Structure formats: structure tokens, C-alpha cells
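K.L.:
Chain residues, written in single-letter form:
2 protein chains.
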Amino acid sequence: MKAFQEIVYSNRKNHENIHEKIIANHQQIEGWFRNQWLKYPAPFYSSIDIRNSGFKISPIDTNLFPAGFNNLNSDFQSLYVTAVKHSLDTLKTKINKILIIPEDHTRNEHYLDSLGYLSRLIEKAGYEVKVSKPSITDNSKFKNINSLLEYDGFIPDAILLNNDLSAGVPSFLDNVKQVILPSKNIGWTKRSKTDHFNYYSDVCSNFSNLLGIDSWMIDPEFRNCGEINFKTKQGEDCLVYNAEKLFNIISEKYEKYDIDEKPFIIIKADSGTYGMGVISIDSIDQIKNLNRKQRNKMLSTKGNVLLNKVILQEGVYSFEETKESCNVAEPVIYSFSNFLIGGFYRTHENKANNENLNSPGMIFQPIPLNDICISPDLSLDIDSQINKYYVYGVVARLAILAAAKELFNLD
Amino acid sequence: MKAFQEIVYSNRKNHENIHEKIIANHQQIEGWFRNQWLKYPAPFYSSIDIRNSGFKISPIDTNLFPAGFNNLNSDFQSLYVTAVKHSLDTLKTKINKILIIPEDHTRNEHYLDSLGYLSRLIEKAGYEVKVSKPSITDNSKFKNINSLLEYDGFIPDAILLNNDLSAGVPSFLDNVKQVILPSKNIGWTKRSKTDHFNYYSDVCSNFSNLLGIDSWMIDPEFRNCGEINFKTKQGEDCLVYNAEKLFNIISEKYEKYDIDEKPFIIIKADSGTYGMGVISIDSIDQIKNLNRKQRNKMLSTKGNVLLNKVILQEGVYSFEETKESCNVAEPVIYSFSNFLIGGFYRTHENKANNENLNSPGMIFQPIPLNDICISPDLSLDIDSQINKYYVYGVVARLAILAAAKELFNLD
Chain C
-12 MKAFQEIVYS NRKNHENIHE KIIANHQQIE GWFRNQWLKY PAPFYSSIDI
38 RNSGFKISPI DTNLFPAGFN NLNSDFQSLY VTAVKHSLDT LKTKINKILI
88 IPEDHTRNEH YLDSLGYLSR LIEKAGYEVK VSKPSITDNS KFKNINSLLE
138 YDGFIPDAIL LNNDLSAGVP SFLDNVKQVI LPSKNIGWTK RSKTDHFNYY
188 SDVCSNFSNL LGIDSWMIDP EFRNCGEINF KTKQGEDCLV YNAEKLFNII
238 SEKYEKYDID EKPFIIIKAD SGTYGMGVIS IDSIDQIKNL NRKQRNKMLS
288 TKGNVLLNKV ILQEGVYSFE ETKESCNVAE PVIYSFSNFL IGGFYRTHEN
338 KANNENLNSP GMIFQPIPLN DICISPDLSL DIDSQINKYY VYGVVARLAI
388 LAAAKELFNL D
Chain D
-12 MKAFQEIVYS NRKNHENIHE KIIANHQQIE GWFRNQWLKY PAPFYSSIDI
38 RNSGFKISPI DTNLFPAGFN NLNSDFQSLY VTAVKHSLDT LKTKINKILI
88 IPEDHTRNEH YLDSLGYLSR LIEKAGYEVK VSKPSITDNS KFKNINSLLE
138 YDGFIPDAIL LNNDLSAGVP SFLDNVKQVI LPSKNIGWTK RSKTDHFNYY
188 SDVCSNFSNL LGIDSWMIDP EFRNCGEINF KTKQGEDCLV YNAEKLFNII
238 SEKYEKYDID EKPFIIIKAD SGTYGMGVIS IDSIDQIKNL NRKQRNKMLS
288 TKGNVLLNKV ILQEGVYSFE ETKESCNVAE PVIYSFSNFL IGGFYRTHEN
338 KANNENLNSP GMIFQPIPLN DICISPDLSL DIDSQINKYY VYGVVARLAI
388 LAAAKELFNL D
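Here the protein sequences line up with chains C and D, keeping their order.
In this text, residue positions in the first sequence follow the working numbering: the first is -12, and each later residue adds one.
In this text, residue positions in the second sequence follow the working numbering: the first is -12, and each later residue adds one.
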């Protein structure tokens, strides 16, 4: 059994409102979600990065090709296996063999651990699993025979992508009869964060009506710019213009809710980046004065694609930290379809509460037994771990629902 | 965290065959089950009593209105809640409110604990739950308005029976539009153990073909008699005749597999009895010489219905016991739909390994973390707890599948 480090609020602000509303209305919320899933089936799996500033709780990244499974609390393996079974059961299709198409970083040990754990979970759910190697950049082992994808002699019933398709949809996935999970249309080539957060805003607006809250409390403001070239500074005017607009909106909200903090904005690639190319600014001048290191950071995104579209997103403070070492922490919640399976805290000793924690040096802190997002405990304080996790579970599912709507319209 | 008492073999016989076959073919088995569930959806919930003599592993009772939820390992609550969600999700119907119709033993504290825990699990899954009280014998609070059942002002979307309907199907369940779980047709008024074990034999025959084993290794032989009156001894000839036949079959099998044990037979009501009215015999003479106490036992079944039909079933030794106190033990496995959620061992300090353990004085021993029936661990010994539980999970699902087929044909 692991020892768990307690995560506490570093700066406890007027968060009662949103927490309380969610806890008090949990039954209504569960009913609402159920109806949503009937219309919009959740994608096969996901991991959701969440930030909690007390006055605001938002997903900041919705990953539909999650890694990091190795960081989950292994005591809960039977729950994960059950959730995998559910996710595959709901397809109501005869599936026995599954081919996993992974990312290309074959030398990243953490990723390989995650991939190994994911494979074992699916195997334990009773499926035959094969992982393609060396993945999509080497297509020689993939064959398409009568619209059935075959890999190295293995003909799967379903293909599971654990590759975000940043490098494009490989041609061997064209004209394939087998079910492709979550979908070949939801990779970063076709998807953008702007699209996702548009769907998310829509979901939040419905959800907020249900609860009678200001949707800003769960929905980060954002703006997007067209083509930006950080080398030539082309498009910088647009960045400045949108950043000004954003700062104004955030400041107004901070004033309205009497929040004595400095607004900040996150600038990041509009398509997935693995934590690369993310900068945090708290004034317009910082955009004009981006130094060479920061500009280079925005150029070096995954697969060396020249970053061209960026999203400016309202920064959400993370006012949670590890109790003893006071390292800033943010929860990451995992799911298989609409079933939450818990997750962990990502912590970082060298980052501030307004910085991206998904970077080298991060440490993962699994969630203890039973505090697993599924239901609140009304007999406990709203700040209790179990109730906080329920709130995270709700926010995570709002993001998953947004992704489900994306998927519904893309497929 | 609980301390778990280890359960060990008291008499380790040539059980390798069936255990090994199941462990080695687990992937094929999982695929086979998946296809079965597509055709025959599992009933809402169940608990399965299993006996393991090493050379034979069989379900001896399949309860479709289970109690004993309070004996489950509460560390796994998130798994149970997830399984409840799955079981209700698969109905693909809009359900928010659930009425539970419980058993009538309102003074049995264990039962009330179980009922309370079951209600909380469903509430934690996000449903509004009401438990009818004082249950079906007092019908005054039930109303049927335009084919919608209403209880004390509560109009549920689904009705969950936690009452085995031994006393008959209450009239207020007639012409009800709401979904009734698992079904009003699967109560003991309409169902018999003979029916169930006929379906079970059929399931075992298919399963055994898949594995290339003698289905006797998982399927207890049985015979049924027509009307028996233990007071007047009417029908005793039939009992003797069938018992002789059964003893012959069992002896032949014991001889074939070189099993140096005394065959025994269980005589019990052909409809559910809560552990009442069960006797164990190991010779024909014992039928003829049933004493008054034993005869009275067969008369005092649940709800004081005069026992008339009995089933004679091959007795299965339980060669498992608690490590320290050497009390005989048998596993009880729980499910929501086709999802196993583990279970516990039922142990008894005053019972022998050929006796019914479901009687006053029994003690429950929860299953430790992770040993939860879902998947085997090929790196461990086949006798390891985790692999033994996987085997129990397979046998439990064979019984659930038999019940699913019953339901399929009854509804």
C-alpha cells in the first residue's frame, strides 16, 4: 500500500459557491449526465488536466489519447479493468482482438510504462492485445486486405489509437472496416483546442443553467489567432489585440467576485503539444518582449511542426499544493468512456501556481483509496478530499462531454 | 483497512485439471462470455454460492435478489458503484428514480444493513432511491395510476426487486409500465432450481466443449421429485429411487477420477429457501430414517409455505477452510449484470465440509484487495488466491449466464 501525500489549499478563496452548488445538486447532475451520454457516447478514453483556484475550476487540457496510465494507483486495478470492459461492452460489437497504435517515442520509458500498463488492463479485461511497433512512421508491417487492416499477421477486431495523429492520419487507416477507437477523425491534425473549448463552453452553458451559476466559474475564457510566426513576429498584433480583450474580461470577473489576484493568460499551440510551447503572461508587454528562449519554445512543438495557430486561454491559478513540501499541484482525471477511474495529482517543485506543470521535473501523486471522483459524501465537509474529487469528476465529465460532442459531429 | 484471514485448502485433491484449463484459456473464455452477453443480457444483480472440492467447482445457489451486500469489502465501493452504473447504463433507458421493493423481514438487522448498503450504492451511482416499507404485504401505499406504479407519492422510473417473490407476484406489479428489475417473472413463485440447473447444465455443456473438459467438473448432478410431503412421507419412494440413481452416477465419477471420498446428496426445496430446509445425506437409509427434527426442517421453509417440490443435488465438498481456525469456507460471488464485483467467504465453525454453511452462526470473510475475480495472473501459481478467484468468477458467470437464459425465455 502506498503512502499518500496530502494535498491542501495554498490559498483558500471564496470557492464555496461552485463547490457547494455541485455537491448539493449531485443527483440532478448525475441524471443530466446520463441523458447526455445517451445522446453523445463518450470517447473510448481520456485524461483531463484540471486547475482549481477555489473561485474557478476548469479543465485546461482534454487528452483523447492519454498516456500516464502507469501513474494511476494500482490498488484500483480491478476498477480500471471493469471500466475498460464497460467501454468496450457499450460498443455492442464482437471484439476479441485489439491492435494498439502507440506514439513514436519508443525511447521514452515513462510512455512505454504507460503503454504496457494500458495493454495489460485491456488484456485483463479479456482481450487479445498487440501493440504495433515501431508505430506509424514505419508502415511496412501494415497491410490492408479487403478493407481489413492487418499488422504483422495480426488481424484485429478493433484498432485503438494511443497516438494523437499530430503527424497526420496514416494512409493505412483509410478504408478500414474495423472500428477505430476513439476515432481517426479526432487526432490533432483535424482537431483544435479552439473547437474543443467552443464545445466545452456550450456544455458549460447548459450545465450552468441547470445549477443557476455563472458559467465563468467552470469555463476558461479564450480567444484564438490566425497564423502566428514567432520567428518573424508575424501576427503579433492579433495576439496583442486578443490578449487585451481577454485581460479585460478576466479583470471584470475578478472585480465582480472580489478576487484579489493578478489575471494571467496562457498562450499555447491550438493543436496538442505534450506540454511544449506553453507560455504564461500577465501583461501585454510580455507578448511584445518575448525573449529568444520563449520564442524558440513556441517553435519547438511535437514532431517539429512549425507552430502556426495559437490559442490564448484565461489562466487558472492552481491553489492546491502538497502539504509538506508546498509544491503546486493540479489534478489529472482519467476515464474509460463515461466511467471515471480516478487519477492523480501532477506536482512540480520548480513551478509557480500560474505556470504549466506538465514539464520535466513533474512528480505524480496517486489518489488514495475511495477518494475516486464517483460520488460525494454529504456528511463530510465540502473541502474534504472525497467531495473535492467529486467536483473534479464533474468538471472532467463536462470536458469529456464536450469531446463526445466533437466526436459526434466529426464522425 | 481490514485484516483478512487467509483461506487455504483443507484437502488438496487433483484439482489442477479444471483450474489449469480455465486459467490457460482465460482469453478464449472472456471472448466466449462476451458473445453470450450480447445474446443474453445478464440479470440486474446476483450472488452465487460456490463450493470447491478441488476436483469439482460448482455453483450451488444462484440468488437473483441478493442480500448480504453489507458483507462486501467496503474498500471497493467505487467498483460497486461503477458496476451499478454499468448495469443501469446498459438498459439505455432514461432512469432517474428507483423504487426498491425489499423482503419482509423488517426485524432482521443483517438484512436491513444489506438493504441500506444497496440503496447507498445506487444513490452514489447518482439515482434517487426510495425503499418501500413495510414492503409487499401491506399494499395500501401502492397505487397504479395510468399503468404507472406510485408508492407513497413517489413515481419511480424503475422498480428494483430485492424480494424473491416467494409469496407470489403482488397484484400492484400487474400492468406496470416501468421497467421491473431483474423481472417479476423470475421470482420463486415461477422459478425453480430444477429449471435453473437445467439451463446451467446446458451452459456447462457448451463451455466444456470450448475447454475440452468433462462438464461434470463444474456441473452438479441433480434429479427432481414431484410432490413430497415430509409429514406423511408421501413421495418418499421417488426420493429413494432418485437418490439411488444419483449415488450411482456420483460413485462412477469418483471412481473414474480416483476420488477417495464418500458421495453425498443435498435435498432442498426446489424454490428458494434462505438456507432453510436443506439436508445432507450420504446413504439411502438416511432418507428412510429422517428423524422428526429433519422432517420439521423440511417443512419450515420461508413464509411457511408447505414444501412440496424438492430437488436432489449432488453434494460438492468444500475443501477450503480458514487457515488458523480451520473453519470450513465457501466463496460467495456478487455481480451487477455481467460485472463481477468480488464477494466474500462464508465460514462456519460448527459445520462439516459436506454441510450447508448458510445457517445461523455463519461468519463472513471479505475478499482482500485486488483478488477480485476479474482476471488471472499467469505469473502466479494456479493455487494463488488471485487465480482461484478468477476460477470462481468464471463459474459464477456460468451460473449468471444460466439465469440470463432463464430470463430470456421467461420475459
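Since the hints were derived computationally from the structure, they do not count as laboratory data.
A quick note: this is a predicted structure, and the numbers were derived from the prediction, not measured.
Treat each hint with caution, since some may be false.
Unchecked claim - Within a straight-line C-alpha distance of at most 27 Å, the following computed DSSO-like cross-link-like pairs (lysine-lysine) qualify: (1) K79(D) to K84(C); (2) K171(C) to K392(C); (3) K164(C) to K84(D); (4) K164(D) to K8(C); (5) K164(D) to K26(C); (6) K171(C) to K130(C).
What the hints assert, rightly or not - Here's a subset of chain C near chain D, in silico, CB distances under 7 Å, partners left out: (7) Q14; (8) G18; (9) G113; (10) E115; (11) V116; (12) N276; (13) S362.
Built from N, CA and C at the ideal position, the CB exists for glycine as well.
K.L.:
None of the hints should be skipped; say for each whether it holds.
P.N.:
Right, here's what the structure says about each hint:
{"no.": "1", "hint": "K79(D) to K84(C)", "in the structure": "26 Å, holds"}
{"no.": "2", "hint": "K171(C) to K392(C)", "in the structure": "15 Å, holds"}
{"no.": "3", "hint": "K164(C) to K84(D)", "in the structure": "40 Å, violated"}
{"no.": "4", "hint": "K164(D) to K8(C)", "in the structure": "34 Å, violated"}
{"no.": "5", "hint": "K164(D) to K26(C)", "in the structure": "23 Å, holds"}
{"no.": "6", "hint": "K171(C) to K130(C)", "in the structure": "17 Å, holds"}
{"no.": "7", "hint": "Q14", "in the structure": "6 Å, holds"}
{"no.": "8", "hint": "G18", "in the structure": "4 Å, holds"}
{"no.": "9", "hint": "G113", "in the structure": "2 Å, holds"}
{"no.": "10", "hint": "E115", "in the structure": "6 Å, holds"}
{"no.": "11", "hint": "V116", "in the structure": "10 Å, violated"}
{"no.": "12", "hint": "N276", "in the structure": "49 Å, violated"}
{"no.": "13", "hint": "S362", "in the structure": "4 Å, holds"}
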